[in-house]
Amino acid sequence: MTKKVDFNSIKPEEVKEELLSKYPVKVARKRAKQIVINKVDNGDVVPEVLANTRTVPGILTMRGCAYAGCKGVVLGPTRDILQITHGPIGCAFYSWLTRRNQTRPKTDDAPNFMPYTMSTDLQEDEVIFGGEKKLKKAIEEAVGLFHPKAIGIFSTCPVGLIGDDVHAVAREMEEKFPDVNIFGFSCEGYKGVSQSAGHHIANNKVFTDVVGLSDKPKEGKFRFNILGEYNIGGDAFEIERVAEKCGLTIHSTFSGNSEYDEFISAHTADLNVVMCHRSINYLAEMMEKKFGIPWFKVNFIGAESSAKSLRKIAEYFGDKELMANVEKVIAEEMIEVEKVRLDVKSRCEGKTAMLFVGGSRAHHYQDLFREIGMQTLSAGYEFAHRDDYEGRKVIPEIVIDADTRNIEELTVEKDDNRFSPRKSESEIEAYSKKGFKWSDYDGMMPEMQNNTLVIDDLNHYETEVLIEKYRPDIFCAGIKEKYVVQKQGIPLKQLHSYDYSGPYAGFKGAINFYKEIDRILNTNVFKLVKAPWQETPELSGSYAWTK
Amino acid sequence: MLLRHTTDKVAERSALTINPAKTCQPVGAMYAALGINKCLPHSHGSQGCCAYHRSSLTRHFKDPIMATTSSFTEGASVFGGQANILEAITNIFALYDPEIIAVHTTCLSETIGDDLNQIIKKAYQEGKIPKGKKVFYASTPSFKGSHVTGYSNMTTGMVQYFSENTGKPLKQINLIPSFIEPSDMAEIKRMTSEMGVKFVMFPDTSGVVNSPMDGKFHMYPKGGTTIEQIKSAGDSSFTLALGRVGAMSAAKLLDTKCKVPCEILDLPIGVRGTDNFLDNLRKVAGVHVPDSLMMERGQLVDVMTDMSQYTYNKTAALVGDPDILVSTAEFLVDLGIKILYVVSGTPAGPKFERRIKEIAGEDVKVKTGANADMFYFHQLIKGNKPDLIFGNTYAKYIARDEDIPLIRIGFPIYDRVGHQYMPIMGYKGGLRLLEKILSAVMDRQDRDAPEERYELVM
Chain A
16 MTKKVDFNSI KPEEVKEELL SKYPVKVARK RAKQIVINKV DNGDVVPEVL
66 ANTRTVPGIL TMRGCAYAGC KGVVLGPTRD ILQITHGPIG CAFYSWLTRR
116 NQTRPKTDDA PNFMPYTMST DLQEDEVIFG GEKKLKKAIE EAVGLFHPKA
166 IGIFSTCPVG LIGDDVHAVA REMEEKFPDV NIFGFSCEGY KGVSQSAGHH
216 IANNKVFTDV VGLSDKPKEG KFRFNILGEY NIGGDAFEIE RVAEKCGLTI
266 HSTFSGNSEY DEFISAHTAD LNVVMCHRSI NYLAEMMEKK FGIPWFKVNF
316 IGAESSAKSL RKIAEYFGDK ELMANVEKVI AEEMIEVEKV RLDVKSRCEG
366 KTAMLFVGGS RAHHYQDLFR EIGMQTLSAG YEFAHRDDYE GRKVIPEIVI
416 DADTRNIEEL TVEKDDNRFS PRKSESEIEA YSKKGFKWSD YDGMMPEMQN
466 NTLVIDDLNH YETEVLIEKY RPDIFCAGIK EKYVVQKQGI PLKQLHSYDY
516 SGPYAGFKGA INFYKEIDRI LNTNVFKLVK APWQETPELS GSYAWTK
Chain B
-1 MLLRHTTDKV AERSALTINP AKTCQPVGAM YAALGINKCL PHSHGSQGCC
49 AYHRSSLTRH FKDPIMATTS SFTEGASVFG GQANILEAIT NIFALYDPEI
99 IAVHTTCLSE TIGDDLNQII KKAYQEGKIP KGKKVFYAST PSFKGSHVTG
149 YSNMTTGMVQ YFSENTGKPL KQINLIPSFI EPSDMAEIKR MTSEMGVKFV
199 MFPDTSGVVN SPMDGKFHMY PKGGTTIEQI KSAGDSSFTL ALGRVGAMSA
249 AKLLDTKCKV PCEILDLPIG VRGTDNFLDN LRKVAGVHVP DSLMMERGQL
299 VDVMTDMSQY TYNKTAALVG DPDILVSTAE FLVDLGIKIL YVVSGTPAGP
349 KFERRIKEIA GEDVKVKTGA NADMFYFHQL IKGNKPDLIF GNTYAKYIAR
399 DEDIPLIRIG FPIYDRVGHQ YMPIMGYKGG LRLLEKILSA VMDRQDRDAP
449 EERYELVM
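Protein chains in written order, with this note's numbering: chain A, 16 to 562; chain B, -1 to 456.
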């Protein structure tokens, strides 16, 4: 059960072959392009991986739908945009508090709709005769009960098919309630091939209907937005703590622990930093084009990565005092981090991990494992695109298929009145010379070792084969995979919900994660799987022998 | 406050559901299908449905929940999902080798009107289904009923496809449970065996969704009713359906299709619920209730009498699934607990309301179906606070805001364990439920008592 495998003796080509061997021909052909043996040339040239492509029907996939990506991931963490799911009851039910987006309203009276889920609970008659009337009534009832500043309407599968126009309803109801910003999302579950389509749909609407409505900036120096941080397990709280200590001002976070008012004025900030590239790079791009806000990629998962990200932000603002302060904070925070890290490392060094999750976490969490001396044997995303694997440099080569074409790509133009480049061209160039990478993400593969397996949209059958072949010490995925893996005696760490702990971001988060991995790898519970008589079945007496 | 926008002022609502006290049909269908031996449930719709249902059931049972999906894209949604499910069937048998695939529909495939009867026929004709293997389906549109309806529809589908009257009657009883825990299914089986009655229970998720840790992953754990057994249900001498909303439809179909007479009972929760079950079982099977069960009954009644002072005249509010609510209410009334409110999002109809009033008196406020949600339930509680709340995990937000203890029953329970393994049904299960109630009441008394009245012996 707990047999150890020398992973250095495993030939990834053979594993790949075995992974493909059981598939029908057509499926094998497709999966062959999604299972790649990593090889990094010249620092960042990696093999092509097929991603953001349809899951084959009947394959036990980890993936969810566009609604989950739009309502669940991007908009869900915002506490004061009232969210109505338009459709039958299920979708609203399953997206109700299950993603652990923590939030902290500023006062006891401030609005917080997150513990509520709302739905039009469409019934058969409405599916036949149309649900717009019910949606309008639902909005009226919601305004009467909750008096929100903004309402988002989220479409589920049948809505698109019966032809309900949620955008027309939004416009009409906005006329009726001019103080409420009402907007709809066409995020029907069948759009695209995974949650990823929903991210894009969410980004588009937030950009056109929310960002830019108020030009009133937040008070504070060195204002920036964090894009793609959803405050699962309190990650955003920890980033806020550290940023504040450094003297930085987070104008808004899209969308962990966030408020509507921060969104509408987000374009007044001087920088966008991107955490989860997959789910929110669209917004970063569009804000840059329209308002002139530069963006770069950061990562607050891992103590070293957090330090690096803070330094980069400080360097961007170019303020000596800020930079000195950031160094001071890092030095202070690293004392405890190092103490715990070295202690945990002494027990975890040389152990192995596999990560198959999300659109950025499978990359980010490799840093944390590296910090305690653990090696990633195989990794992949659930719904990412080629750029998240290979880096944004491949974007021009990505073939746009029908599923992607169905998701609207907005044409964004410069806002003549409000466009203001935060740095002059010469400044930008000077930064670039220093190695600053603007609007870029290198992707996961260049940071992974050669001969590791990179697998997109990993499925159940492949999980079983990987585990049998490599016997990793820990496997990271989500709730659906958790007990499948654990029954095989291998612990699974959930990297969507963090197994109801956290935070894991920033410095305190790193400490939490080290300790958590230490617990998982060193707990005795997995050693109890076999009973003593299974280990030594010999009998020695026959006192109670009866016929 | 967690639910800071909820006030006691109840305004009329007809369109907006807030914090539902139900979910959609397919998750119930998926659960029921897991109660067939070596069966892989298949969701015919977008892959999000399947992901949500698997996640939800996994969080509740803390065990692997395996199910596949037709992974609809926009094209499939426009042109129909036939190609998707045919491809799925081929892949499923090649990779996961189940004995049977139980397909359920979703709001998406129901809206576009995929004819699954014809599609599955086509799959058989084209040889996509290996010899001896089976595929069947149940229609479970999310825009009707609730998860309990979906469970019932899938269970009824089992009868429709597999039960058969061969003309050779069998001396066995059919037991059809409503949407209940695997632990409760196991307890009902144990009691029936104690009675010495041969039976077929379906669906039976015990051993499937509360499987043991043995160092291996079993795609199809040992539990579940076999197709042979479901087939033989058509030759049984009688059917006991346990829970009107979740189990009646399958029992009635066995009656019309296979001429197996049936009786629709409440779930065996508490003394009277269990009495009624055993009494019916005794009569239709022609057996006596053994001493072993009398011992269990006596123990439950013993503790009820011993501890009556802690339950008598307490008040309770109940939210959840109708079949569980009816029987729980009856047990609570027997304990002297007064029931103030009963809310279920499942449209259980006037019969349910009548039954609850029969049990709990005319004063109890009952609401089911449209807009019978947890928001409304919370508003009622704000109007008149009960001593105890009975409901699923989501009720914990109300419980904390109002500082009222919550006894977790029903689905889903995401934040505690025990329900998978330890029953609340039968006399033994009654003891467990009673212990939960007593602990809640007495912990509260311990917490709130002035120091001089803090009791050692209780």
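These are calculated hints, taken from the structure and not from any lab test.
Hints may contain errors.
[To be verified] To list a few chain A residues with every Cβ distance to chain B over 10 angstroms, as calculated:
{"#": "1", "residue": "GLU32"}
{"#": "2", "residue": "VAL42"}
{"#": "3", "residue": "SER209"}
{"#": "4", "residue": "GLY307"}
{"#": "5", "residue": "GLU319"}
{"#": "6", "residue": "LYS335"}
{"#": "7", "residue": "LYS545"}
[As the list claims (entries may be wrong)] Derived DSS-like pairs (lysine-lysine); straight-line CA-CA distance at most 27 angstroms:
{"#": "8", "chain 1": "A", "residue 1": "LYS121", "chain 2": "B", "residue 2": "LYS380"}
{"#": "9", "chain 1": "B", "residue 1": "LYS380", "chain 2": "A", "residue 2": "LYS41"}
{"#": "10", "chain 1": "A", "residue 1": "LYS191", "chain 2": "B", "residue 2": "LYS7"}
{"#": "11", "chain 1": "A", "residue 1": "LYS484", "chain 2": "B", "residue 2": "LYS214"}
{"#": "12", "chain 1": "A", "residue 1": "LYS335", "chain 2": "A", "residue 2": "LYS448"}
{"#": "13", "chain 1": "A", "residue 1": "LYS37", "chain 2": "B", "residue 2": "LYS132"}
Please read all numbers here as calculations on a predicted model, not as lab measurements.
Idealized CB from N, CA, C, for every residue including glycine.
> Would the least Cβ to Cβ distance between GLU32/A and chain B come out above 10 angstroms?
Replying inline: Given a closest Cβ separation of 16 angstroms, the condition holds.
>> Please verify that the nearest CB of chain B lies beyond 10 angstroms from LYS545/A's CB.
In response: 7 angstroms, violated
> Regarding the assertion that GLY307/A does not contact chain B, is the least Cβ-Cβ distance greater than 10 angstroms?
Replying inline: 35 angstroms, holds
>> LYS121/A and LYS380/B were given as a pair; does the straight-line alpha-carbon distance stay at or below 27 angstroms?
In response: Cα-Cα ~25 angstroms, so holds.
> Straight-line Cα separation of LYS37/A and LYS132/B no greater than 27 angstroms?
Replying inline: 21 angstroms, holds
> Is SER209/A truly not at the interface, in the sense that its beta carbon sits beyond 10 angstroms from all beta carbons of chain B?
Replying inline: Violated, because the least Cβ-Cβ distance between SER209/A and chain B comes to about 8 angstroms, which does not exceed 10 angstroms.
> Does the no-contact call for VAL42/A survive, Cβ to all of chain B over 10 angstroms?
Replying inline: Given that some Cβ of chain B is not farther than 10 angstroms from that of VAL42/A, nearest at about 6 angstroms, it is violated.
> Does LYS214/B lie within 27 angstroms of LYS484/A when you go C-alpha to C-alpha?
Replying inline: 14 angstroms, holds
>> With the threshold set at 27 angstroms, check whether the alpha-carbon distance from LYS380/B to LYS41/A stays at or below it.
In response: 59 angstroms, violated
> Does the alpha-carbon distance linking LYS335/A and LYS448/A stay inside the 27 angstroms limit?
Replying inline: Holds, at about 19 angstroms.
>> So LYS335/A supposedly isn't at the interface. Is its beta-carbon more than 10 angstroms from every beta-carbon in chain B?
In response: 44 angstroms, holds
> Is the nearest Cβ of chain B still more than 10 angstroms from the Cβ of GLU319/A?
Replying inline: For GLU319/A, whose nearest Cβ neighbour in chain B is about 33 angstroms away, the distance exceeds 10 angstroms, so it holds.
Comparing the model with each earlier hint shows violations of hints 2, 3, 7, 9; every other hint is respected.
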